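Chemist: Here is how the chains run, residue by residue.
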Amino acid sequence: MPLLGFVEQLGLGAMVTIEVAVLSYLLALLVGTLFALATVRRRPIVNAIWQVYASIFTGVPSLLVAFLFYYAGSGMLASLFSVVGMRVNIEVNPFAAAVVALGLVYGAYIADIVRSAIHNVPPGQFEAANVLLIPRPTAWFFVILPQVLRLALPALSNMWIVVLKDTALISLIGLKEIMTYARLASGVTKEPFIYFILAAAFFLLMTGLTYLVTQRIEGWTGRGLRRAAPAREETARAL
Amino acid sequence: MHYDIALAWESLPTLLQGTLTTFIVLLPVLVLGLLISIPVALARLERGPGSLLAAAYIIFFRGVPSIVLLYLIYSGLPQFSVIRNTALWTLFSNAYFCAWVGLTLTHSGYMGEIVRGGLAAVPPGTIEAAQALGLGRMQILFKLRLPMAARYALRAYQNELLIMVKSTSAVSAITLVDLTAAANTVFDYTYDPFTPLVTAAGIYWVIINAMRYAFNVADSRLNRHLALK
Numbered sequence: 001m002p003l004l005g006f007v008e009q010l011g012l013g014a015m016v017t018i019e020v021a022v023l024s025y026l027l028a029l030l031v032g033t034l035f036a037l038a039t040v041r042r043r044p045i046v047n048a049i050w051q052v053y054a055s056i057f058t059g060v061p062s063l064l065v066a067f068l069f070y071y072a073g074s075g076m077l078a079s080l081f082s083v084v085g086m087r088v089n090i091e092v093n094p095f096a097a098a099v100v101a102l103g104l105v106y107g108a109y110i111a112d113i114v115r116s117a118i119h120n121v122p123p124g125q126f127e128a129a130n131v132l133l134i135p136r137p138t139a140w141f142f143v144i145l146p147q148v149l150r151l152a153l154p155a156l157s158n159m160w161i162v163v164l165k166d167t168a169l170i171s172l173i174g175l176k177e178i179m180t181y182a183r184l185a186s187g188v189t190k191e192p193f194i195y196f197i198l199a200a201a202f203f204l205l206m207t208g209l210t211y212l213v214t215q216r217i218e219g220w221t222g223r224g225l226r227r228a229a230p231a232r233e234e235t236a237r238a239l
Numbered sequence: 001m002h003y004d005i006a007l008a009w010e011s012l013p014t015l016l017q018g019t020l021t022t023f024i025v026l027l028p029v030l031v032l033g034l035l036i037s038i039p040v041a042l043a044r045l046e047r048g049p050g051s052l053l054a055a056a057y058i059i060f061f062r063g064v065p066s067i068v069l070l071y072l073i074y075s076g077l078p079q080f081s082v083i084r085n086t087a088l089w090t091l092f093s094n095a096y097f098c099a100w101v102g103l104t105l106t107h108s109g110y111m112g113e114i115v116r117g118g119l120a121a122v123p124p125g126t127i128e129a130a131q132a133l134g135l136g137r138m139q140i141l142f143k144l145r146l147p148m149a150a151r152y153a154l155r156a157y158q159n160e161l162l163i164m165v166k167s168t169s170a171v172s173a174i175t176l177v178d179l180t181a182a183a184n185t186v187f188d189y190t191y192d193p194f195t196p197l198v199t200a201a202g203i204y205w206v207i208i209n210a211m212r213y214a215f216n217v218a219d220s221r222l223n224r225h226l227a228l229k
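As given, the protein sequences belong to chains A and B, one line each in that order. Numbers 1 to 239, taken from this note's numbering, label the letters of the first sequence in order. Numbers 1 to 229, taken from this note's numbering, label the letters of the second sequence in order.
No wet-lab data here; the hints were simulated from the structure. Any given hint could turn out to be false.
A few chain A residues that don't get close to chain B, going by computed Cβ distances all over 12 Å [unchecked claim]:
id, residue
1, 61
2, 64
3, 135
4, 147
If you anchor each label on the Cβ, the simulated ranges turn out as follows [claimed, not checked]:
id, chain 1, residue 1, chain 2, residue 2, range
5, A, 208, B, 49, 41 to 47 Å
6, B, 79, A, 42, 39 to 45 Å
7, A, 83, B, 39, 23 to 29 Å
8, A, 42, B, 202, 44 to 50 Å
9, A, 133, B, 226, 39 to 45 Å
10, A, 91, B, 202, 24 to 30 Å
11, A, 89, B, 121, 23 to 29 Å
What you are looking at is a predicted structure, and each value in this text was computed from that prediction instead of being measured. Ideal Cβ placement from N, Cα and C applies to all residues, glycine included.
Just need the whole structure built from these sequences, with the hints factored in.
Modeler: Here it is in structure tokens:
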């Protein structure tokens, strides 16, 4: 049987996992949306920057990126600031390294998702906003992006699960989250199986929760959409 | 912080050894994962208890991070005397074996959904035509459904394969020295984190992009009939 004290620690670790995952996901959404908006229309320079960024961050494991930011992060920041003549000494802790690494890596994936969703918004929507003289920022925020959210939602909710699961992997850089406490508890009690099963249950629970939340958001984003009348069984068969 | 070319050259053998480990872990996983995913996908498409079982398999192994599975298998299972005191112990005390099992389970879960999607995309008329022509179930499966599904699922397979290459970095958690872990070993000896990690990133980048290129070639060969003229 699992000891209650360790289960409590596991719960605290799970909160850290969720914190890291949520922050990285928000950062990834921001990075991805900005890149998507910048590359909707092909502009050579922006596009070249995007190509290099995407190639690097989708071609390297997120764990390696996290190691790089954690071990070499303060050095990289110092040399970055020395270019503009500033001397800084910033300690990079595992939490920050994990969030930035996951945010930048999955930002590259989310940019692709958001861009293809923007392309799938009917062109009439852009034209209508134009004709009605809606200012461009307003049009993007209140007309286009809500529809982008509807179109991109399935892929975005998948990405959230991927980010959450990757947070478990990132614990290897020394982040104190659910896997760290599961390892600790197994080391002390010599009963590793139950603690790792609890960790597995946590991730399954989060997947289920994501499904429910996605359904809710789907109901909200699709509220203005006309649904096709359900086909009647007989007609469907006759056809 | 600068990139030390001399150190990169010096540490290259260690990193290539790590790359070899990455591939030793990866290749059996790809083969086994694909083999397991086909019956899972077929069970998922049929009605009955098999379908529910396959759905549970897919939900479980897709929902649990591979690192949790690796720990469960490598440190969790030996807790039971059934594993520890029988011939199974020779298998489960081997980190490679545990990595193969753990990653295969994850990979087959994802592949199950991909193969199912590919099989579902095969037009029913094609199968009915084959049945009308008197082909047997197995003939239809191996000569029609699977080859067509492979073409439909190629791009999804590309995504999954590239994800698998990157998730092999999880095996460092169970003592295997793959490419990521090898870069960390060099860091431990030299106190230079930047050079080995960037070099390792470069090796991953080459592997990933070589695979992308191979998939583009395969796609233009296999899906020639779909190309826009």
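Chemist: Work down the list of hints and note, for each, if the structure agrees.
Modeler: We went through each hint and held it up to the structure:
For residue 61 (chain A), the condition that its CB be more than 12 Å from all CB atoms of chain B is violated, with the nearest at approximately 4 Å. At roughly 5 Å from the closest C-beta of chain B, the C-beta of residue 64 (chain A) falls inside 12 Å, breaking its exclusion from the interface. With a minimum CB-CB distance of about 38 Å to chain B, residue 135 (chain A) clears the 12 Å threshold, and the non-interface call stands. No Cβ of chain B comes within 12 Å of the Cβ of residue 147 (chain A); the nearest lies about 25 Å off, and the non-interface call holds.
Residue 208 (chain A) and residue 49 (chain B) have their C-beta atoms about 22 Å apart, which leaves the hinted 41 to 47 Å range violated. The supplied range of 39 to 45 Å is broken by residue 79 (chain B) and residue 42 (chain A), whose beta-carbon atoms lie about 57 Å from each other. The given range of 23 to 29 Å is broken by residue 83 (chain A) and residue 39 (chain B), whose C-beta atoms sit roughly 57 Å from each other. In this structure the hint that residue 42 (chain A) and residue 202 (chain B) lie 44 to 50 Å apart at CB is violated, the actual value being about 28 Å.
For the pair residue 133 (chain A) and residue 226 (chain B), the beta carbons lie near 43 Å from each other, so the given range of 39 to 45 Å is met. Range check, residue 91 (chain A) to residue 202 (chain B): about 27 Å between beta-carbon atoms, so the 24 to 30 Å window is met. Checked against the given bound of 23 to 29 Å, the beta carbons of residue 89 (chain A) and residue 121 (chain B), roughly 56 Å apart, lie outside it.
Against the hints set out earlier in the document, violations occur for numbers 1, 2, 5, 6, 7, 8, 11.
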